[in-house]
Amino acid sequence: LPNMQAHDPKTIFILLNLTSNHSFVICNNGFVIERYVHGMNASYNDIQPWKFNDLAAVFGAKSSTCKTFQIHTRKELENLFNDGDFCSGKVLQLVELYLPGDDAPTSMKMLAAAAARRNAKK
6 LPNMQAHDPK TIFILLNLTS NHSFVICNNG FVIERYVHGM NASYNDIQPW KFNDLAAVFG
66 AKSSTCKTFQ IHTRKELENL FNDGDFCSGK VLQLVELYLP GDDAPTSMKM LAAAAARRNA
126 KK
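Following my numbering, the numbering of the sequence shown begins with 6 at its first residue and continues without gaps.
No lab work stands behind these hints: they were computed from the structure. Hints are not guaranteed to be accurate.
Just the calculated beta-carbon pair ranges, DEER-fashion [claimed, not checked]:
#	residue 1	residue 2	range
1	Ala119	Thr78	31 to 39 Å
2	Lys67	Arg123	15 to 23 Å
3	Ser93	Gln53	30 to 38 Å
4	Met115	Tyr49	40 to 48 Å
5	Ala62	Ala119	17 to 25 Å
6	His77	Ile52	38 to 46 Å
Glycine included, C-beta positions come from ideal geometry on N, C-alpha and C.
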């Protein structure tokens, strides 16, 4: 599936009805690009954290048709990618990837810096 906003309940419902899929949800404490443009500590960029892994049960997925994971470290991610059951993709697998709030690709940081400079001139 293409990049989709997971805070749309319909998206979660669609994902749960797929028989096999690896879905990754990036959990980074808010809106990263906005932080780089308007300030890392601007409170309006803080959003209530969701428990995405709980949504599978909320929408009726059973443990036999859906597995969920929470990843906080590179080692945990490496272990997951080396897990044969995970890689077989026989059921929907929802992975929460927890990243620092300032984690962004260099190109995004450069774009945000340019936008911040432009906004400062206004």
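Hints and how they fare:
1. Ala119 x Thr78: 31 to 39 Å: holds, 32 Å
2. Lys67 x Arg123: 15 to 23 Å: violated, 50 Å
3. Ser93 x Gln53: 30 to 38 Å: For Ser93 and Gln53 the Cβ distance comes to about 34 Å; the hint holds.
4. Met115 x Tyr49: 40 to 48 Å: violated, 23 Å
5. Ala62 x Ala119: 17 to 25 Å: Violated: the Cβ-Cβ distance is about 43 Å, outside 17 to 25 Å.
6. His77 x Ile52: 38 to 46 Å: This hint is violated: roughly 19 Å between Cβ atoms.
Comparing the model with each earlier hint shows violations of hints 2, 4, 5 and 6; every other hint is respected.
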